[in-house]
Amino acid sequence: MNCFTPSLDRSRGRSAQRGLVLATLCLMASGGAHAAQDDRIKIGAGVAVTPKFQGSSSHRLRAVPLIDIKKGRIFARTDDGIGLNIIETSAITMGAGLNLMRGYRSSDVPDGIGKLSDAVGARVFMSTNVAGARLRLSATQALNKNSRGMIAVARASYPYAVTSQLMLVPSVAVSWANEKYLSSYFGVDGGQSVRSGKSQYHPSAGFKDVSMRVAVNYSLNKSWSITGAVGASTLLDKAADSPIVEKKTQLHAVAGVAYTF
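Per my numbering, the sequence shown starts with residue 23, numbered consecutively.
Mimicking DMTMM-like on lysine to aspartate or glutamate, the simulated pairs with C-alpha atoms at most 20 Å apart in a straight line are: (1) Lys-202 x Asp-263; (2) Lys-74 x Glu-268; (3) Lys-167 x Asp-102; (4) Lys-137 x Glu-201; (5) Lys-93 x Asp-60; (6) Lys-74 x Asp-140; (7) Lys-270 x Asp-130; (8) Lys-92 x Asp-102; (9) Lys-167 x Asp-211; (10) Lys-92 x Asp-61; (11) Lys-92 x Asp-60; (12) Lys-220 x Asp-259; (13) Lys-202 x Asp-140; (14) Lys-244 x Asp-61; (15) Lys-74 x Asp-101; (16) Lys-74 x Asp-133; (17) Lys-270 x Asp-259; (18) Lys-137 x Glu-268; (19) Lys-244 x Asp-60.
With beta-carbon atoms standing in for the labels, derived distance ranges: (20) Val-86 x Gly-134: 24 to 34 Å; (21) Met-116 x Val-216: 41 to 51 Å; (22) Asp-133 x Pro-181: 38 to 48 Å.
The hints are simulated quantities; they were obtained by calculation from the structure and are not laboratory data. By construction, the Cβ of each residue, glycine as well, lies at the ideal position given by its N, Cα and C atoms.
When you get a sec, could you build the whole thing from the sequences and use the hints?
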């Protein structure tokens, strides 16, 4: 790409600002054709088997929407929420959006802990391709729950076409969370301790978990496809030491049918 971003020089402020604007426009233009080629509308429904809460020894079955929509730089995906690819080129993608930070019901956790309501999260991300692998780094900060905190995830995936119809995407990921996040999901305050009989616990910031997953997509025809994923995650460090954790390693799966318009 024959674009460059000039450094800002106070002695030539206006010139530098014009150069920065031109460089930004150049980046957007270089990603425009790539973005248009990736446009799609894929909608479906499925079922997921997930732990009742992070660290639970029990699972529950729930219906899930399967959404993968992209129009230009705007996207909406089941895992990533809704957002905008601010920079989108063949080499790198950077963007921001909103997604759901799931909580849990009071009936899902040990007695006395109480429920943790869902929160809306603001998410920023960056991804790139290296030797066929896709590397992505994202960070999500809760907006409407002051105590919920922030989590960052680094993921590496490798899309592999087994046949013209069957696509496999194995991936590995590691997540890190700040003190507020870990306290929300794994902490036990004084009141919870009295009600539940669990000892008080106040985790500090640290790595939350490491996970592996294999996603699959099988195209029945140009419109219909079967999609799903199966994986496992293991809690680490401060999260794993929480007194509410019943099982450090947990399995999760999702399967469904989708239609591409």
